[in-house]
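Enquirer: Protein sequences, first through last, are from chains G and U.
Residue numbering for the first sequence follows our numbering, starting at 1 and increasing by one per position.
Residue numbering for the second sequence follows our numbering, starting at 1 and increasing by one per position.
By construction, these hints were calculated from the structure, which means they are not laboratory data.
Just to be clear, a hint being listed does not mean it is correct.
What the hints assert, rightly or not - If you anchor each label on the Cβ, the simulated ranges turn out as follows:
1) U/75 with G/203: 24 to 30 Å
2) U/78 with G/207: 23 to 29 Å
3) G/188 with U/90: 44 to 50 Å
4) G/113 with U/75: 44 to 50 Å
Claimed, not checked - Far from chain G, some chain U residues (derived; all Cβ distances over 12 Å):
5) 43
6) 44
7) 69
8) 71
9) 72
10) 75
11) 78
12) 80
13) 91
14) 100
15) 111
16) 152
These numbers were taken from a predicted model, which means no experiment stands behind them.
Using N, Cα and C, we set each Cβ at its ideal position, and we do this for glycine too.
Chain residues, written in single-letter form:
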Amino acid sequence: MSAAPPPSPAMPTYLGMPAFPDAARRAVADERLRANLRHATTTIRGRRAGAVAELDDWDALREAGKQIKDHVLANLGHYLRLLEENVTAAGGTVHWARDAGEANRIVADLVKATGETEVVKVKSMATQEIGLNEALAEEGVTAYETDLAELIVQLGDDRPSHILVPAIHRNRSDIRDIFLARMDGAPRDLTDEPAALAEAARRHLRAKFLSAKVGISGVNFAVADTGTLVVLESEGNGRMCLTLPETLISVMGVEKVVPSWRDLEVFLQLLPRSSTAERMNPYTSTWTGTHPGDGPRDFHLVLLDNGRTATLADEVGRQALRCIRCSACLNVCPVYQRAGGHAYGSPYPGPIGAILSPQIRGIGSDVDASLPYASTLCGACFDACPVAIDIPEVLVHLRARAVEDGPRHPLERASMTAAGWVLRSPALLRAAQRAASASRRVVGRGGRIGRLPGPLRAWTATRDAPVPPPESFRRWWRRTDGGRA
Amino acid sequence: MNAREEILGRIDGIFPARPAAEVAADHERIDRRYRRAHHGGGIVDLFAERVADYRATVLRAAPSEAPGLIAERLAARPGRYGVPAGLPAAWVPAAAAIVRDPSAGELDGLAGAVTGCAAAFAETGTIVLDHGPAQGPRALSLVPDFHLIVVLAGQIAPDVPGGLERLDPRRPLTFVSGPSATSDIELDRVEGVHGPRTLEVVIVA
Chain G
1 MSAAPPPSPA MPTYLGMPAF PDAARRAVAD ERLRANLRHA TTTIRGRRAG AVAELDDWDA
61 LREAGKQIKD HVLANLGHYL RLLEENVTAA GGTVHWARDA GEANRIVADL VKATGETEVV
121 KVKSMATQEI GLNEALAEEG VTAYETDLAE LIVQLGDDRP SHILVPAIHR NRSDIRDIFL
181 ARMDGAPRDL TDEPAALAEA ARRHLRAKFL SAKVGISGVN FAVADTGTLV VLESEGNGRM
241 CLTLPETLIS VMGVEKVVPS WRDLEVFLQL LPRSSTAERM NPYTSTWTGT HPGDGPRDFH
301 LVLLDNGRTA TLADEVGRQA LRCIRCSACL NVCPVYQRAG GHAYGSPYPG PIGAILSPQI
361 RGIGSDVDAS LPYASTLCGA CFDACPVAID IPEVLVHLRA RAVEDGPRHP LERASMTAAG
421 WVLRSPALLR AAQRAASASR RVVGRGGRIG RLPGPLRAWT ATRDAPVPPP ESFRRWWRRT
481 DGGRA
Chain U
1 MNAREEILGR IDGIFPARPA AEVAADHERI DRRYRRAHHG GGIVDLFAER VADYRATVLR
61 AAPSEAPGLI AERLAARPGR YGVPAGLPAA WVPAAAAIVR DPSAGELDGL AGAVTGCAAA
121 FAETGTIVLD HGPAQGPRAL SLVPDFHLIV VLAGQIAPDV PGGLERLDPR RPLTFVSGPS
181 ATSDIELDRV EGVHGPRTLE VVIVA
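Construct all of the structure, not just a fragment, from the sequences and the given hints.
Expert: If you want it as structure tokens, here you go:
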């Protein structure tokens, strides 16, 4: 028998991860990273706008997507029981996992029961979230990522920085260098042409696909009333992993269930256009249990809670569970575009990560307490979200929770209390504004104020403030008699 | 308490379980004012145009011309082709080297595969295989580097909602929208990774 698993947190905070402001300050100084991100996010933003504009009923689809997801969340117990019943009836086996450690234990035991020491994986946010690859490695099982971007991240011994394109921080010449240094059998004359890089990945993984006995996937949608699982992808690596192995293990967050087959008519329009700006992604696979003579003989579905029921309990925060992982909010976010995905210290970066990570993990660390502040509240993420998650609303809500529950709450609460006190009193506001104007001459660098000494330190430690104008509006109004003088 | 009971217990504590009929009635009330289809007519032309946008090769043929056209396409790429045993005989060129229902071990050595399909969506240029007799198991149209799909005009639905209605979710399904591709390098679409890098579609009308 194996030893008891070591205690594991809900979702690993990347080891040694600094709070968002420190990580972001470093990332913003990296010119190459910023150039790669700017190029990729600008390209996809333009294409996505075109793909969305092509459908004149986009708002109606978005509203339906939101309502279906809200309906699922309000009846989650019903739909999970129904899904379990139908997956089981179709020949699959359903497992339930309270947290990351339990899910990893279930998957590791299933793999070991096959006698195999290698598995092929389709890109999956849920398995990133639970740190499955690392957990399998500890059990002597090697997991091969087969998605091109995940392969780049894995070969580069790197971390994902985007939900859809985990290697977005790498440009084509970075990728060529990683392949030449780390990929067995990479041609010595490999160029940085995307087609050549894709060809190299194809050759590298082909033998793995053809010999793999165990495949591991995530799930985009699970249809409760038929027990059907749905995976969207582009490269065909998903089809390989879902079809060729004898055993398939799929890990899904409990919120991924949808009521009926018909509901896919909404999400199969919303998701591809929002994520890759395509009318449809190249490949979508659906399967229901096992299919004699075609595909895996053994199918296991792991239903993962890992902080999702805690998120469900929060009336404001639960809308984050509507997320379909399209990553449109990352591509439009001015903070993400400058700071990059690594600064968020989580597999879920960007605006959605800033509301998902602290809720799933709980606000127990510096990084999670700082994530709700990783935003200018400009609202671009809300506009882009295909299921209308009001990310700014949740951010503000979580800021309040971070102040109440977070690790730095005495300092933060003191400064917020001070701010509230200043804002409520016109005389004090006047004094504060004069002090701020005075500070302009002293500490304004590059048009921004960095860290301030004294009582304003708590505020400026986590955010750069714009340099105040030389004269406040209130002073200008008094001096000019409302502009008449 | 086991994990299942504990998770369902937490959920029921937040949203208590309700009778299935009430849940179904709520589901019926979801606001679905989106379109059933974005185009009214010209569905076959729209489908051809949208598939071609993915850089697939799209060819059109009358039923009597289809066998000749398929033979011509395969002759352009010499090699052995896999076909499912249920593929209509007229679509199987007599002159080509054909392997009926190839075994799993034979697939990687094939030049390509020829299959039919279950349905298609014009708006998105999508073809769906349900892996019935004219399509073969999923691996047949996945492992070889070339896939020729014969689509009958009557199989084309205008859009996603009507297309999904034609499918049986109890069957394994593969939705194909163009050849294998990736957006993983600088978020730009590049055709050709692990699935068939060449997709040819013959529309029979």
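Enquirer: Just double-check residue 78 of chain U for me: nearest Cβ-Cβ distance to chain G has to come out over 12 Å.
Expert: Per Cβ check, residue 78 of chain U is outside 12 Å of chain G; nearest 22 Å; holds.
Enquirer: Does residue 152 of chain U really sit off the interface, with its C-beta more than 12 Å from all C-beta atoms of chain G?
Expert: holds, 20 Å
Enquirer: Per the hint of 44 to 50 Å, is the separation of the Cβ atoms of residue 188 of chain G and residue 90 of chain U within bounds?
Expert: Between residue 188 of chain G and residue 90 of chain U, where Cβ atoms are some 48 Å apart, the hint holds.
Enquirer: Over 12 Å to the closest beta carbon of chain G is the bar; see if residue 72 of chain U clears it.
Expert: holds, 26 Å
Enquirer: Can we confirm that no CB of chain G comes within 12 Å of the CB of residue 80 of chain U?
Expert: The claim holds: residue 80 of chain U sits with its nearest Cβ about 17 Å from chain G, beyond 12 Å.
Enquirer: In terms of Cβ atoms, is chain G entirely out of 12 Å range of residue 91 of chain U?
Expert: Fine: 21 Å to the nearest Cβ keeps residue 91 of chain U off the interface.
Enquirer: Starting from the range 44 to 50 Å, see whether the pair residue 113 of chain G and residue 75 of chain U falls in it by beta-carbon distance.
Expert: holds, 49 Å
Enquirer: Check the non-interface label on residue 44 of chain U: least C-beta distance to chain G beyond 12 Å or not.
Expert: At roughly 17 Å from the nearest Cβ of chain G, residue 44 of chain U sits farther out than 12 Å, so the non-interface label holds.
Enquirer: Examine each Cβ of chain G, and state whether all of them lie more than 12 Å from the Cβ of residue 100 of chain U.
Expert: About 15 Å separates residue 100 of chain U from the closest Cβ of chain G, which puts it past 12 Å; holds.
Enquirer: Against chain G, does residue 75 of chain U hold up as non-interface, every C-beta pair farther apart than 12 Å?
Expert: holds, 26 Å
Enquirer: At 12 Å, judged by beta carbons, does residue 111 of chain U keep clear of chain G as stated?
Expert: Residue 111 of chain U is indeed farther than 12 Å from all Cβ atoms of chain G, at 16 Å.
Enquirer: Does residue 43 of chain U clear chain G by more than 12 Å, comparing its Cβ with all Cβ atoms of that chain?
Expert: Check passes; 15 Å lies beyond 12 Å.
Violated hints are absent here; each numbered hint is respected by the structure.
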